[in-house]
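Hey, can you work out the whole structure from these sequences and the hints?
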Amino acid sequence: MEYAGGAQEQREHRRKQRFATKSMHMTQKYLRRMRDLGGTMEQMEPFFNVLERIYVQGLEVERPRNVRTVGTYCVQVPQELIYAAGAQPVKLCSGHYTAFSIGDDVVARDACPLVKAIAGFEHMGTLPLYENCSLMVVPITCDCKKRIAGLLQEKWPVHPLYVPANREDENIEHYVGELYQLMRMVSCVTGQEVTYESLAHALNLTGRAQYELSRFLRIKRATSNLLFGTHAMAVMNAASYLDAGTWADALRALNDELERRAYANKLVSRKDLPRIMLTGSPIVFPNLKIPLLVEEAGGMVVADETCMGERGMSDPVVPVDASFDGLMRSLAIRSLRPCPCPTFADNSQRIYRLRQMVRDYRVEGVIYHVLRGCLVYDYEYRLVEEELEGMGIPVIRLESDYTDQDVEQLRIRSEAFVETIKLKKGPLKAVRG
Amino acid sequence: MSYESEYSEALQRIYAANADVMSLRYFLDTAATWHASFAWDPNDIPKTDHAYPLVVVLGFGIPEELVYACGVTPCILLGGSHASCQWSDDAVPRDSDPASRSILGYAQRLAARADIDPLFVVPVANDNMRKIAYCLKLEGHAVVSIDIPPVATDPFAQQAWERSTQTLVQAVAHHVGRRVTARRLRNANQLVRNARAAILAFERSCVECPGVLDNEARLLVTNTYYQTNDLVQWTAALNELATEVRTRYMTIGQPSTTAPCILVVGSPILFPQFKVLELINDAGLRMLATVDAASTSRFASLSEEESSGGVAALMSALSRKHYAFDSSSASVINWAMERYVEHLLSSMEVDGVVFHILKGQIEYDFALSRLEPLFDRLDIPVFRLETDYQYQDVEQLRIRLEAFAEMLGQRKFVADRAYARRYCA
Numbered sequence: 001m002e003y004a005g006g007a008q009e010q011r012e013h014r015r016k017q018r019f020a021t022k023s024m025h026m027t028q029k030y031l032r033r034m035r036d037l038g039g040t041m042e043q044m045e046p047f048f049n050v051l052e053r054i055y056v057q058g059l060e061v062e063r064p065r066n067v068r069t070v071g072t073y074c075v076q077v078p079q080e081l082i083y084a085a086g087a088q089p090v091k092l093c094s095g096h097y098t099a100f101s102i103g104d105d106v107v108a109r110d111a112c113p114l115v116k117a118i119a120g121f122e123h124m125g126t127l128p129l130y131e132n133c134s135l136m137v138v139p140i141t142c143d144c145k146k147r148i149a150g151l152l153q154e155k156w157p158v159h160p161l162y163v164p165a166n167r168e169d170e171n172i173e174h175y176v177g178e179l180y181q182l183m184r185m186v187s188c189v190t191g192q193e194v195t196y197e198s199l200a201h202a203l204n205l206t207g208r209a210q211y212e213l214s215r216f217l218r219i220k221r222a223t224s225n226l227l228f229g230t231h232a233m234a235v236m237n238a239a240s241y242l243d244a245g246t247w248a249d250a251l252r253a254l255n256d257e258l259e260r261r262a263y264a265n266k267l268v269s270r271k272d273l274p275r276i277m278l279t280g281s282p283i284v285f286p287n288l289k290i291p292l293l294v295e296e297a298g299g300m301v302v303a304d305e306t307c308m309g310e311r312g313m314s315d316p317v318v319p320v321d322a323s324f325d326g327l328m329r330s331l332a333i334r335s336l337r338p339c340p341c342p343t344f345a346d347n348s349q350r351i352y353r354l355r356q357m358v359r360d361y362r363v364e365g366v367i368y369h370v371l372r373g374c375l376v377y378d379y380e381y382r383l384v385e386e387e388l389e390g391m392g393i394p395v396i397r398l399e400s401d402y403t404d405q406d407v408e409q410l411r412i413r414s415e416a417f418v419e420t421i422k423l424k425k426g427p428l429k430a431v432r433g
Numbered sequence: 001m002s003y004e005s006e007y008s009e010a011l012q013r014i015y016a017a018n019a020d021v022m023s024l025r026y027f028l029d030t031a032a033t034w035h036a037s038f039a040w041d042p043n044d045i046p047k048t049d050h051a052y053p054l055v056v057v058l059g060f061g062i063p064e065e066l067v068y069a070c071g072v073t074p075c076i077l078l079g080g081s082h083a084s085c086q087w088s089d090d091a092v093p094r095d096s097d098p099a100s101r102s103i104l105g106y107a108q109r110l111a112a113r114a115d116i117d118p119l120f121v122v123p124v125a126n127d128n129m130r131k132i133a134y135c136l137k138l139e140g141h142a143v144v145s146i147d148i149p150p151v152a153t154d155p156f157a158q159q160a161w162e163r164s165t166q167t168l169v170q171a172v173a174h175h176v177g178r179r180v181t182a183r184r185l186r187n188a189n190q191l192v193r194n195a196r197a198a199i200l201a202f203e204r205s206c207v208e209c210p211g212v213l214d215n216e217a218r219l220l221v222t223n224t225y226y227q228t229n230d231l232v233q234w235t236a237a238l239n240e241l242a243t244e245v246r247t248r249y250m251t252i253g254q255p256s257t258t259a260p261c262i263l264v265v266g267s268p269i270l271f272p273q274f275k276v277l278e279l280i281n282d283a284g285l286r287m288l289a290t291v292d293a294a295s296t297s298r299f300a301s302l303s304e305e306e307s308s309g310g311v312a313a314l315m316s317a318l319s320r321k322h323y324a325f326d327s328s329s330a331s332v333i334n335w336a337m338e339r340y341v342e343h344l345l346s347s348m349e350v351d352g353v354v355f356h357i358l359k360g361q362i363e364y365d366f367a368l369s370r371l372e373p374l375f376d377r378l379d380i381p382v383f384r385l386e387t388d389y390q391y392q393d394v395e396q397l398r399i400r401l402e403a404f405a406e407m408l409g410q411r412k413f414v415a416d417r418a419y420a421r422r423y424c425a
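If you read the protein sequences in the order shown, they are chains F and E. Per my numbering, the first sequence starts with residue 1, numbered consecutively. Per my numbering, the second sequence starts with residue 1, numbered consecutively.
Treat each hint with caution, since some may be false.
[To be verified] Not everything, but these chain F residues come out facing chain E in the computed CB check (under 7 Å):
1) 160
2) 165
3) 376
[Claimed, not checked] Here are a few chain E residues that sit away from chain F, every Cβ distance over 10 Å (derived from the structure):
4) 28
5) 96
6) 160
7) 195
8) 204
9) 239
10) 250
11) 252
12) 286
13) 348
14) 363
15) 379
16) 400
Because the hints were derived from the structure by calculation, they are not lab data. The C-beta atom is built at its ideal place from N, Cα and C for all residues, glycine as well.
Structural data, given as structure tokens:
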């Protein structure tokens, strides 16, 4: 019996090793492809490095000693509260194909790949990012998140955060209560109470990151093609594993460089490339195949309306009442009111935001990304399509999974879409000429 | 298959198999009338100047007493029809589950009628309901979406749920122009409690008197609870049917009891989509009970002692009770369903479990993985039956289910022989 147990342990150990090696190779491949796109600059390295640190080197997030990490999932979890309680928030949404293939056997077949990847990491127990979390905050935003909260509870301390489906005043009021509850929970984990000062400090910290983000977006809007959209998305994804201050510093350096390049008119590609916007299901590192395919096909991802991208941090907290409760309320309002997440039963917000972004970024085509099984985004496709059709913007729905098997098919469709936009632009150019 | 032939063929089949049971006819008629009300040509929409208010509830998850208390009979849409899925095909994504598609199909049919003014009550139990509410709202219909807090242990959950039920009552009362009073609430609670008690008594009769009604007839009867216009009459008819089942069992005699007994757990099986029940019948399995989103709500009525006080106290008591017994897919962990399965397994002689999962309803897949250790511990084999409303997989399922039934039969035979040996030796 003892021998059998030992053999089983060895098998399990070998299995984990194989998993770690495969994960590392997969991440390296996507980092390489990102670098191969060209146009990278030295100031992007801190972002690439953190992605490499987490997924290739398999290290935990960089943080001061004795600071605990609290894992979060969707944008409805206010990071400020976690900072205020003395912990560091990390986003645990995953885009990892190797973890997905493990999770595929663990959870329901029709669950979305993002949740399968989470389940895969949970099952293997090899990634320090997950293993070292003192608490996981899972907002109940969709069926898959609802179920994964139940699954994760079996292994980790989990705080399921109820996100109301409506956002009337009474729902906001309720959410304030939920945030107080979350605050107590995180404080319990860290042993540090959230005070007015610590919350104000946390708001300043994330406010600085948001300021740099708004600067980044402003630069991108003003001058096209300063950097590839894939790189911009990697920058946004890196925010999940860096503390807000470090991320803001790195982004400030990048913004400064981008401004210099804008002044010198130093672009990463021709200016007349089709301007594409990505929207839909989250695009989480390392699953950057869609923006990569678009940009490899000669398009330019000028903007993204996804929760791991620009949407994730762009809405600022606006306190109207300087009391502690006022700050909590402003966090609740920021988390719900402007959020275009399809978890809300009425999501007209998203349509307004898309219209605005199409105008701001002078978008010529929209790619609507749907992760297989991500119903909430799939439901909204029809509405978005109708809206964009009214604006004369072509839209294509790309459904994908966390696998490389669909890459060639996606490539053909992306290329065809980019070509269509180019053709559409052709006669215009001729008239102008 | 057209909508009309889908439900009428199913009714004919059930009638033919249970023709001797006279009291069943009321339920066949109820189902036929309800389904016929959707069978009209959309190009031939009746024109009228006056539209009467109708409260349409989509899916499980809300206490229907609250709608009855506003003086209206709710039109409850639960799905179940493959043909109605096609009505909503353009509005839903490919991966949405057939029950939700069917619900939306029915809802759109109702919404297209000029002679009714519907208020759609949508309990947000899952993603489909969340987005169906949005779709209907965008089409310009009156919609009230009712949030169901997913974490029962959350100290604010009860409060949030009570607020949701208040929203529901306010919206319905406003729509029908009739306010809710304590007396109306008490009467509605009594009405629904009597109906639920009748269902439980009927279920007991069917278990204790096997062979009188087949599985399909039994489920059709309980399904019509959601389709009747007159719950008082329906309750009386059900009590009569339960009595007839017992009487016939006494007079006809006991049929063979060697058939393996199963529990059917998971996605609700709804008329006319009784493919799973047909297969269970064909495999020679005896269904003891079903556990789905409707099962536990049968225990959620207030007793006579509990139904005292004013409107606020009654509303609060009702919503608390309903929330405690809610087994819709709204919760992170479906405790109510798990506890009920555990209770049935300990109180009945169950040989196996058929876990029915409608494609796209992932909540039941997760529930199965949570229940598997329990089944393992009790040494009860489980058969995971995943299907949709199409008939393409029926032969494959039949083979699998027959094999499962044979295995159960063999296990039962071996267990019986071992038992006999112990006492004959």
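Hint-by-hint comparison with the structure:
The beta carbon of residue 160 of chain F comes within 5 Å of a beta carbon in chain E, closer than 7 Å, and the hint placing it at the interface holds. Among the interface hints, the one on residue 165 of chain F holds; its C-beta lies about 4 Å from the nearest C-beta in chain E, closer than the 7 Å criterion. The criterion of a C-beta within 7 Å of any C-beta in chain E is met by residue 376 of chain F, whose closest approach is roughly 5 Å, and the hint holds. Look at residue 28 of chain E: its CB is around 35 Å from the nearest CB on chain F, clear of 10 Å, so calling it non-interface holds up.
For residue 96 of chain E, the shortest C-beta to C-beta distance to chain F comes to about 6 Å, within the 10 Å cut-off, and the non-interface label is violated. With a minimum CB-CB distance of about 5 Å to chain F, residue 160 of chain E fails to clear the 10 Å threshold, and the non-interface call is violated. For residue 195 of chain E, the non-interface assignment is confirmed: its Cβ lies about 29 Å from the closest Cβ of chain F, beyond the 10 Å cut-off. For residue 204 of chain E, the requirement that its beta carbon stay farther than 10 Å from each beta carbon of chain F is met, with the minimum near 32 Å.
Annotated as non-interface, residue 239 of chain E keeps its C-beta farther than 10 Å from every C-beta of chain F; the closest such distance is 39 Å. With a least CB separation of 46 Å from chain F, residue 250 of chain E remains clear of the 10 Å interface cut-off, as annotated. Every CB of chain F lies more than 10 Å from the CB of residue 252 of chain E, the least distance being 44 Å, so the non-interface label holds. Here residue 286 of chain E stays apart from chain F, with its beta-carbon at least about 29 Å from theirs, past the 10 Å limit.
Distance check on residue 348 of chain E: its Cβ is at least 27 Å (rounded) from any Cβ of chain F, clearing the 10 Å threshold; non-interface status holds. Residue 363 of chain E, annotated as away from the interface, has a beta carbon of chain F within 10 Å; the closest lies near 6 Å. Every Cβ of chain F is farther than 10 Å from the Cβ of residue 379 of chain E; the closest lies at roughly 23 Å, confirming the non-interface assignment. At the 10 Å boundary, the C-beta of residue 400 of chain E stays outside the reach of chain F, the nearest C-beta of that chain being 17 Å off.
When held up to the earlier numbered hints, the structure conflicts with 5, 6, 14 and fits the remainder.
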